[in-house]
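> Just so you know, the protein sequences line up as chains A and B, in that order. Here the first sequence stands for residues 1 to 217, where the numbers follow our numbering. Here the second sequence stands for residues 218 to 434, where the numbers follow our numbering.
Treat the hints as calculated values from the structure; they're not laboratory data. Cβ coordinates follow ideal geometry from the N, Cα and C atoms, glycine included. Hints may be right or wrong, so weigh each one.
Said to hold, decoys possible - Okay, the calculated bits of chain A under chain B, using three or more residues with CB under 8 Å as the criterion:
hint, stretch
1, 21-34
2, 51-57
3, 106-113
4, 152-162
5, 197-211
The residues making up each chain are set out below.
Protein chains: 2
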Amino acid sequence: MLKLYSYFRSSAAYRVRIALALKGLPYETVPVHLLAGGGQQHAPAYRATNPQSLVPALQDGQGGAVLTQSLAIIEYLDEAHGGAPLLPADSLGRARVRALAQAVACDLHPLNNLRVLRYLKHELGVSDAQKDAWYAHWVGLGLSAIEDMLAASPATGRFCHGDAPGLADCCLVPQVFNARRFNCRVEDYPTIARITAACEELPAFQAAAPDRQPDAQ
Amino acid sequence: MLKLYSYFRSSAAYRVRIALALKGLPYETVPVHLLAGGGQQHAPAYRATNPQSLVPALQDGQGGAVLTQSLAIIEYLDEAHGGAPLLPADSLGRARVRALAQAVACDLHPLNNLRVLRYLKHELGVSDAQKDAWYAHWVGLGLSAIEDMLAASPATGRFCHGDAPGLADCCLVPQVFNARRFNCRVEDYPTIARITAACEELPAFQAAAPDRQPDAQ
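Chain A extracted, bound-state conformation:
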């Protein structure tokens, strides 16, 4: 049985939950609360599981290897487990899907996640308005570039790449969820809004949503 160390609101864990659901792989959720008691991700037991003290982590089988980093985990699931493929078969297509995923995971999300917003507030003492402007700046830059990448390419279909959901959609939907929480106008990005709506119709995306998780509050 796969075991996923997850936090219901974590964008990175949400990506992996979507991938697991799209592939139809059953798994056990081990909640790691990022806020309770100063953050359970910093507890020694979890740090022994993942030295980065971040979620998600995935254990494949009792006593099996623990994998970290959401994109690496999703590619592993795609290579080592059955179910619907999450990456295209051709190298150029794979490069495009990975670039879209990384535009979220390397350039947008890292700047706007919980630990960074907390550093801005607690260490740099910025105001709430400045923190909101920081969030809006990076999410706006990131989503407008992704919109251009999607709108300009004939490879974009009902989903980010063709007419089946995959790795890029696993990253986009949690980012949009996050952006909405911070009052970003996602409808300003019509291709992103259209693809997100198509994803949200699918049971796999619904099952992976934060409010459907066992640790949701």
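Based on these hints, arrange chain B on the given structure of chain A.
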């Protein structure tokens, strides 16, 4: 001929230069100066090449597809071109190498790159000391987690994964270069320091170094 849009000091471009050199692939450098004239990456012609206005981008063949995102580019080179493999053959090994690469590319570097440091200074008005503390905080968190990941695993060899350099080393060495520029004590991370030294002995890593680039200043 491969064409690489690059900036000599960009960590992300540096990763791809190492990969190209390790694989022995000849390429043409197209310099994109990130500082000159407000940043050549924002010019309309470059934005048409890469809507993210970031380096690197790679064009494969005259009129061929333009690829973006350093990790996606390196995986593409590994899949579509010859030369030494940069990822292991087994899925667990690939997941480990990707996780190490992403620990740099998704969690460490995005917080400390040029555009972020400029935002801190110009938009949030933080002092130089606060900016330096920000840099030191994220590089310390990131490198110490990567040190633990490397030191704890029997899969670590002369390089990040076994005894041949690969994707994780392509990410680690530019990050260490960047950390040294900001006076981070890399010797505090003995496995990282040892692997970096082993990499720096190789001609491929030497050829990819910032001061060896045609646009170096």
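> With reference to the structure, classify each hint as holding or not holding.
These are the hints, each one checked on the structure:
Note: the stretch 21-34 of chain A has 0 residues with beta-carbon separation from chain B under 8 Å; the three-residue rule is not met and the coverage is violated. A count of 4 residues in the stretch 51-57 of chain A with a Cβ less than 8 Å from any Cβ of chain B is obtained; the coverage claim is therefore met, three being the minimum. Evaluation of the coverage hint for the stretch 106-113 of chain A: fulfilled, as 5 residues show C-beta separations to chain B shorter than 8 Å, against a requirement of three. By the rule of at least three residues with a Cβ nearer than 8 Å to a Cβ of chain B, the coverage given for the stretch 152-162 of chain A is violated, with 1 such residues.
With 0 residues having a beta carbon nearer than 8 Å to a beta carbon of chain B, the stretch 197-211 of chain A misses the requirement of three or more and the stated coverage is violated.
Checked against the numbered hints above, the structure breaks hints 1, 4 and 5 and satisfies the rest.
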